[in-house]
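Colleague: Chains A and B supply the protein sequences, listed in that same order. Reminder that position 28 of the first sequence reads as 28 in this note's numbering, one-by-one numbering, no gaps. Reminder that position 110 of the second sequence reads as 110 in this note's numbering, one-by-one numbering, no gaps.
A couple of the hints might just be wrong.
Just so you know, same-sequence chains aren't split out, so a pair can sit in one copy or run between any two.
Straight-line Cα separation of at most 30 Å, DSBU-like style, residue types lysine-lysine; simulated pairs [stated by the list, open to error]:
{"#": "1", "residue 1": "Lys3", "residue 2": "Lys256"}
{"#": "2", "residue 1": "Lys58", "residue 2": "Lys256"}
{"#": "3", "residue 1": "Lys6", "residue 2": "Lys114"}
{"#": "4", "residue 1": "Lys257", "residue 2": "Lys191"}
{"#": "5", "residue 1": "Lys114", "residue 2": "Lys298"}
{"#": "6", "residue 1": "Lys114", "residue 2": "Lys257"}
{"#": "7", "residue 1": "Lys6", "residue 2": "Lys58"}
{"#": "8", "residue 1": "Lys298", "residue 2": "Lys3"}
{"#": "9", "residue 1": "Lys114", "residue 2": "Lys3"}
{"#": "10", "residue 1": "Lys3", "residue 2": "Lys58"}
Since the hints were derived computationally from the structure, they do not count as laboratory data.
Number of protein chains: 2
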Amino acid sequence: MSKELKNASEQYLGALEQELRSVLNAGPGSPDTFYGMMHYHMGWVDERLQPFQVSSGKQIRPLLCLLCCTASGGRWQQALPAAAAIELLHNFSLIHDDIEDASDTRRGRTTLWKIWGIEQAINSGDSMFAIAHLAMNRLIERQVEAATVVSALRRFDETCVHLTQGQHADMSFETRQQVSVDDYLAMITGKTAILLSLCAELGALIGGADAHKTAHFAAFGLQLGLAFQVQDDILGIWGDESVTGKSAATDVTTRKKTLPILYGLEKSESLRKLYALPENSEDFVRQVVAILDSCGAKTYASEAALAYSESALSHLEAAQPTGEAGEALRQLADMLLRRNS
Amino acid sequence: MSKELKNASEQYLGALEQELRSVLNAGPGSPDTFYGMMHYHMGWVDERLQPFQVSSGKQIRPLLCLLCCTASGGRWQQALPAAAAIELLHNFSLIHDDIEDASDTRRGRTTLWKIWGIEQAINSGDSMFAIAHLAMNRLIERQVEAATVVSALRRFDETCVHLTQGQHADMSFETRQQVSVDDYLAMITGKTAILLSLCAELGALIGGADAHKTAHFAAFGLQLGLAFQVQDDILGIWGDESVTGKSAATDVTTRKKTLPILYGLEKSESLRKLYALPENSEDFVRQVVAILDSCGAKTYASEAALAYSESALSHLEAAQPTGEAGEALRQLADMLLRRNS
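Whole structure, please, built from the sequences with the hints as guidance.
Modeller: Below, the structure written as structure tokens:
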């Protein structure tokens, strides 16, 4: 991680954790079960609600929000409530996604619903969603103008609706035979990119950027999210397993509808036939990858990722980010776009 | 229904329906599945998303909100977004409650999750929850001051957290042996009364009531909700089946933990023994009711209901509601408290 980004991470993320713990009612003693389930999901306690600490990861989303605030000339402390709210929104959606996808583990730990049951897990997610809004509401305590808080909340909830539309589309895909590349792009916009866009937009809005610059920050987040997701799809087939930690075969054997695969299915009759077979052998995976290579699916996806990356970077420059935070934003984009894992 | 209440209902509820349809994206044509599921739950379309109309009921909650606004000297039109938001909050929670309680029908129709599956129903509820917030956000378009909108949203989400705490407690009750009367009161506060309190409080806040009167309106709603719920518990055992439409036996055979039953279990050793048996015969129900009668459970619950009712009415008077809306509020309380069904 380059210097400016590292400095910002160190400065921001401790304060973020404090904000999150405060809004989620985390005191010194053991939490009750109601809050305890949420603390478990956040990685703060174990299954018996005893103190525990898992690495909280890179926390790209809140970092992006706080950096865009500073790079717009604002004070990052003012945007902390929004950064915390977005992190809670993301985590609430994971609690419900894990139920919807019947996932047993998340970040190497048993999922909330597997421990406390589907009923309690639905309710716990609902509660975290409400608390995410209360986190946003704290902007008013940081002297953000009331009219700005109302606008920020509107964009927050418009994004939530968009996210549920993305999830709706994603779940419908699994039972649909025909999914076009356009359907897919709309879906990943709603599932991933729109949230990064919100991070950047709220940071800029709270930082005092004008409407024009705020729109460029939002577009930067969106394109960055699209580039990241398409790269993830490429790594899901051609990535180095020893680096990515997941087998390239998984995206193929689970028939996941990712960009290279959808492109391949559109272009190649033999892939369509092969995919219709109830096959999951290693040989099957090799055949699928060979067809994807020969029909240009990798090239297509790589070009798409590059185009999104370039668009992201040009929107970032158009937003005229200032100071060290501006430098850190360029480094963050670089880190996300040049990754090989 | 008395004159003032009838007039207010007729005037308000058409506008409310328009507001709800507008925020839920209901146009002239057939909705897409994403919005269609929500329209189905609201009773606007059938399973195939074709136009349909079910009676929308008395809509006590939005009515209470709009009346408290007018009775505080405000214009009810300004509170419409809050009334719509509360109705959506209530409906979102029903979508998730139906999954959590594994209910097959709601208002005589198949529940959303039974038609579209648990996964889509969780997501649809999440979406309606986000849209409820967007409904609230429209207060700003009705010239409500931004600072008031932020306060109203904070109270809205604090109430949402309280509601999920109530639901959490309710679900925990089902697996708990010991539930005290105090636990029960905390639970029904969170499950029912707190939402009526929010209705009255937001109406007063938007109508321009001062902090003192707003607090009395909120307390009126809370006590009204408690009185209503305890009456419901009494009717669930001693109600006239031909009037209530549900068998008195159900609350007993399902071992529902209502106020008279919890009181009986605290007071009577023989009821505790009887309740532990795997029995559900008509004779069993008769024996349970006889014990409840003899240990004073009905008297206890009736006195509790009366005390909440009187408290509700005295808070209403302390709030000094004005004009026809004030009269309509008294009639609404009367209707809820003197009901026999």
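Colleague: Each hint: holds or not?
Modeller: Evaluation of the provided hints:
With identical chains, the CA atoms of Lys3 and Lys256 are never at most 30 Å apart, being 38 Å at best within one copy and 61 Å at best between copies. Only within a single protomer do Lys58 and Lys256 lie at most 30 Å apart by alpha-carbon distance; the minimum there is 26 Å, versus 47 Å between protomers. Taking CA atoms no more than 30 Å apart as the test, Lys6 paired with Lys114 passes in neither setting, with 36 Å inside one copy and 50 Å between copies. For a Cα distance limit of 30 Å, the shortest separation of Lys257 from Lys191 inside one copy, 14 Å, qualifies, whereas the shortest one across copies, 41 Å, does not.
For a Cα distance limit of 30 Å, the shortest separation of Lys114 from Lys298 qualifies neither inside one copy, at 37 Å, nor across copies, at 41 Å. Proximity of Lys114 to Lys257 under the C-alpha cut-off of 30 Å is found in both arrangements, the shortest distances being 26 Å within a copy and 27 Å between copies. Taking the shortest alpha-carbon separations for Lys6 and Lys58, only the intra-copy value of 11 Å comes in at or below 30 Å, while the best inter-copy value is 58 Å. For the identical chains of this complex, Lys298 and Lys3 are neighbours neither inside a copy (33 Å) nor across copies (72 Å), given an alpha-carbon limit of 30 Å.
Taking the shortest alpha-carbon separations for Lys114 and Lys3, neither the intra-copy value of 41 Å nor the inter-copy value of 54 Å comes in at or below 30 Å. With identical chains, the CA atoms of Lys3 and Lys58 are at most 30 Å apart within one copy only, with a shortest distance of 15 Å there and 62 Å across copies.
In this structure, the earlier hints numbered 1, 3, 5, 8, 9 are contradicted, and the remaining ones agree with it.
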